[in-house]
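Trainee: Whenever a hint applies, use it, and build me the whole structure from the sequences.
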Amino acid sequence: MFSRAYKAAISLPPLLWVASFLLLPYLLMFCYSFWSVSAAQTIVHSWNFANYRQLLWVDVYWQTLLRSMWIAARVTFFSLLLSFPLAYFLSFYAGARKDLLYQFVIIPLWVSYLVRAYAWKTILGSEGVLNTLLQYVHLTKHPLEFLLYSPFAVVLTLTHIYTPFAFLPIYAAMEHIPRNLVEASHDLGATPAQTFWKVIFPLSVPGVLAGATFAFVLSLGDFLAPLLLGGPSGIMISNIVVSLFGAAYNWPLGAAISLCMLVLVVSLLFFSERLEKKWSIS
Amino acid sequence: MSSTTQILMTSATGRATGTLLSIRNVAKQFGKNVVLRDISLKVAEGEFLTILGESGSGKTTLLRIIAGFENASAGEVWMGEERLDSQPPYRRRVNTVFQSYALFPHLTVQQNVAYGLRVARKPEPEIAARVSEALDKVKMSAHAKSKPSEISGGQQQRVALARALVNRPRLLLLDEPLSALDANLRRQMQVELKSLQREVGISFIFVTHDQEEAMVMSDRIALLRSGELEQVATPREIYGRPATAYAAQFIGHTNLLKCEIRAGLVRCGSLAWPANLPDGVALFSLRPENIRVAAPDAALAGRVCAPGKVLQQAFQGATELLRVECKNGLVLVVRTPAGAGALDNVELEFSPDDAVLVRESPERI
Numbered sequence: 000m001f002s003r004a005y006k007a008a009i010s011l012p013p014l015l016w017v018a019s020f021l022l023l024p025y026l027l028m029f030c031y032s033f034w035s036v037s038a039a040q041t042i043v044h045s046w047n048f049a050n051y052r053q054l055l056w057v058d059v060y061w062q063t064l065l066r067s068m069w070i071a072a073r074v075t076f077f078s079l080l081l082s083f084p085l086a087y088f089l090s091f092y093a094g095a096r097k098d099l100l101y102q103f104v105i106i107p108l109w110v111s112y113l114v115r116a117y118a119w120k121t122i123l124g125s126e127g128v129l130n131t132l133l134q135y136v137h138l139t140k141h142p143l144e145f146l147l148y149s150p151f152a153v154v155l156t157l158t159h160i161y162t163p164f165a166f167l168p169i170y171a172a173m174e175h176i177p178r179n180l181v182e183a184s185h186d187l188g189a190t191p192a193q194t195f196w197k198v199i200f201p202l203s204v205p206g207v208l209a210g211a212t213f214a215f216v217l218s219l220g221d222f223l224a225p226l227l228l229g230g231p232s233g234i235m236i237s238n239i240v241v242s243l244f245g246a247a248y249n250w251p252l253g254a255a256i257s258l259c260m261l262v263l264v265v266s267l268l269f270f271s272e273r274l275e276k277k278w279s280i281s
Numbered sequence: 000m001s002s003t004t005q006i007l008m009t010s011a012t013g014r015a016t017g018t019l020l021s022i023r024n025v026a027k028q029f030g031k032n033v034v035l036r037d038i039s040l041k042v043a044e045g046e047f048l049t050i051l052g053e054s055g056s057g058k059t060t061l062l063r064i065i066a067g068f069e070n071a072s073a074g075e076v077w078m079g080e081e082r083l084d085s086q087p088p089y090r091r092r093v094n095t096v097f098q099s100y101a102l103f104p105h106l107t108v109q110q111n112v113a114y115g116l117r118v119a120r121k122p123e124p125e126i127a128a129r130v131s132e133a134l135d136k137v138k139m140s141a142h143a144k145s146k147p148s149e150i151s152g153g154q155q156q157r158v159a160l161a162r163a164l165v166n167r168p169r170l171l172l173l174d175e176p177l178s179a180l181d182a183n184l185r186r187q188m189q190v191e192l193k194s195l196q197r198e199v200g201i202s203f204i205f206v207t208h209d210q211e212e213a214m215v216m217s218d219r220i221a222l223l224r225s226g227e228l229e230q231v232a233t234p235r236e237i238y239g240r241p242a243t244a245y246a247a248q249f250i251g252h253t254n255l256l257k258c259e260i261r262a263g264l265v266r267c268g269s270l271a272w273p274a275n276l277p278d279g280v281a282l283f284s285l286r287p288e289n290i291r292v293a294a295p296d297a298a299l300a301g302r303v304c305a306p307g308k309v310l311q312q313a314f315q316g317a318t319e320l321l322r323v324e325c326k327n328g329l330v331l332v333v334r335t336p337a338g339a340g341a342l343d344n345v346e347l348e349f350s351p352d353d354a355v356l357v358r359e360s361p362e363r364i
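So the protein lines, in turn, are chains U and W. Quick note: the first sequence uses numbering that gives the first Met the number 0, first residue 0, plus one each step. Quick note: the second sequence uses numbering that gives the first Met the number 0, first residue 0, plus one each step.
Please note that a few of the clues may not be correct.
One-sided and incomplete, this derived list gives chain W residues near chain U with beta-carbon spacing under 8 Å [claimed, not checked]:
{"id": "1", "residue": "F68"}
{"id": "2", "residue": "Y89"}
{"id": "3", "residue": "F97"}
{"id": "4", "residue": "G115"}
{"id": "5", "residue": "P287"}
The set of hints was computed from the structure by calculation and includes no laboratory data. Note that this is a predicted model, so its numbers are computed, not measured. In this text, a Cβ means the ideal position worked out from N, Cα and C, and glycines have one as well.
Mentor: See the structure below:
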C-alpha cells in the first residue's frame with residue numbers, strides 16, 4: 000500500500016529520536032558506570048567494577064535503595080487502598096454521576112506536581128494548617144515534628160500524587176467487565192459479596208497489577224517529594240543520584256546506581272506484564 | 000384495552016397441572032416510557048411457554064422482572080405460595096440463559112457449571128457429580144477444561160444451559176438463546192432444547208422474536224405487542240384462531256378482510272357468507288392455505304365461491320403462492336399445492352368457518 004521509501008521516511012524521525020535521546024544516553028551511562036573519578040576530579044576511562052562494588056558495600060547506598068523500595072511499596076499499598084474502592088464505586092454504583100466523579104479524580108493531574116508537593120508542605124509544616132489546628136483544639140501542646148521532613152510526609156505526598164495513576168487502569172479494567180456477568184452471578188445464587196470475590200475482583204486483577212506497577216515505579220524514581228518534604232530521614236535513592244551527578248561530581252557512581260534502578264524497574268515491568276497476561280482473558 | 004387472557008392449563012402431555020408462576024398485573028415504565036402494561040400470565044409446572052414479540056415489545060423486560068434484574072413498577076410475581084418480586088435475584092429459584100450466554104471468561108467450562116453449586120456451598124463430591132452429569136447432558140464433557148473463549152458459540156450455548164440446569168431450578172428463563180447461532184445449528188438446537196425440557200421436566204420461559212421458533216418449541220405462546228399481551232394460546236390455536244389482526248399477521252401469513260355485516264350476512268367485496276353476528280364493520284382473518292382453487296362451476300354447498308384473475312404466481316416447492324384479484328378490486332393471497340402450470344382465471348372457494356373474526360389491533364405508543 001505504501002512504498003518502502005515512504006515507510007522509511009515516516010519511521011526515520013521517531014527512530015532518530017529514540018536513538019539520540021534514549022539509546023545513546025543509556026549507552027553513555029552504561030560506559031560511565033565502569034569508569035572512575037581521579038583525585039584531580041577528572042573522569043578516568045579505566046574499565047572496572049569499583050562503582051558496583053561500592054553500591055553493594057557502602058551502607059548508605061544499598062540502605063537508601065532498600066528504603067526507597069520500602070517507601071514505594073507503602074505508596075503502592077495506600078494508592079491501591081484508595082483507588083480500588085473508588086474505582087469500584089465509580090464503575091458499579093455511581094450511575095449518572097460517573098463521568099463527573101471521574102473528572103474529579105483526573106483534575107488533580109492538571110495541577111503542577113510542584114504545587115501539590117508544596118501544598119503538603121504548608122499543610123504538614125510546624126506552622127502549617129494541620130499543626131495549627133491540632134494545637135487550637137488542644138490535642139497537642141507543641142507542633143508535631145514527625146509530620147514534615149520524614150518518610151511519613153514522603154509516603155503521604157506520593158500517595159496523593161500517584162493515586163490517580165493507580166486508579167486509571169483499575170477503573171478501565173472494571174469498565175470492561177460485562178455487566179451481564181454480574182447478573183449471571185446473582186442469577187446463579189451468588190450474593191453481592193460472593194459476586195465481588197468470584198467475578199469482579201478476579202476480572203479486575205490485570206488493572207490492579209498495572210496500577211500497582213505505575214504507583215511503584217513512579218514513586219521509586221521520585222526525587223522532588225523527598226527533596227521538599229523528606230528531610231534527612233526521608234531521602235530516596237534518586238536524591239543520591241542527583242547529588243552524585245551534581246555537587247558530589249561522581250558521575251560514574253551515579254551512573255552505576257541509575258543502571259541498577261533501571262534493571263530493577265525494567266524487570267518489574269516485565270514480570271508485571273507477564274502476570275497481567277496470565278490474569279487477563281482474551 | 001386490558002388484556003383478558005384465556006389461560007389454558009395444560010402441559011405438553013395435555014394433562015392438567017398446577018400453576019408454578021403467576022404474574023399478576025405487572026407493569027413497567029422507564030421514566031415516561033411505558034414498557035409493560037398490566038400483564039397477567041400463569042405458567043404451569045413443566046410447561047414450555049414462549050414470550051413472542053418484536054423488538055421493543057417488552058419481552059426481555061418481562062423476563063428480567065421474573066429473574067429479578069428489574070423491579071416491576073406495579074404488580075406482583077408469585078411462585079407457588081412465595082412472592083418472588085420482593086426478593087433479590089440470588090434468592091429466587093429461577094435461572095437464566097442469557098442472550099450472549101454471559102459465561103465467566105476467567106473460569107473453565109467446568110468451573111462455570113459448578114458456579115451455582117459452589118456459591119451454595121454444596122459438598123465437593125456432590126458438585127463434581129452434578130457438574131459432570133450436566134455436562135454429559137449437553138454433550139460438553141470433552142470440553143470441561145476449556146475456557147469459554149476456546150469453544151464455539153453453539154458450545155457456549157450448551158454450557159450456559161448446563162450452568163443453569165445444574166442448579167435444578169423450578170423455572171428456567173431463556174432470553175433469545177438461539178439468536179446468535181446460524182440457521183442450521185439453530186434448528187438443531189430448537190429440537191435439542193425442546194427434548195431436554197421434556198426430559199428434565201422444568202418449566203421454561205423462552206423469549207424470542209422468531210414466530211417459527213415459537214411454533215416449533217412451545218406448549219403455549221404469549222404474544223406480546225407494545226407492552227401488552229395480544230393472545231396467550233397453544234401454537235395451533237393462535238395460528239388457527241388468532242384473536243387479533245396483529246396475532247393473525249405476526250404468526251404466519253393471512254388475508255385480513257374488512258367486512259360489513261348486515262342482517263346476518265358478512266360482505267367483503269364480491270364475497271359474502273352468512274354469520275350470526277351483530278350488524279357493523281368487522282375484521283376477518285383468512286389464511287392463504289384455507290382458500291382453494293376449485294374447478295369452474297363446481298361450487299360446493301356451504302362454501303364461499305368467487306371468480307378471480309391471477310396477478311402473480313410464485314412457485315415455492317411444495318406449494319405455490321398466488322395473488323388473485325377478485326371482483327371489486329379485492330386481492331387475496333392463496334396458497335395451493337404446486338400445480339401443473341400457469342394459471343389465469345380461477346374460481347376460488349373457502350369455508351366460512353376458516354374466516355376468523357379478529358379484533359382490530361389499534362396503534363399504541
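Trainee: Checked against the structure, which of the hints given earlier come out wrong?
Mentor: 5
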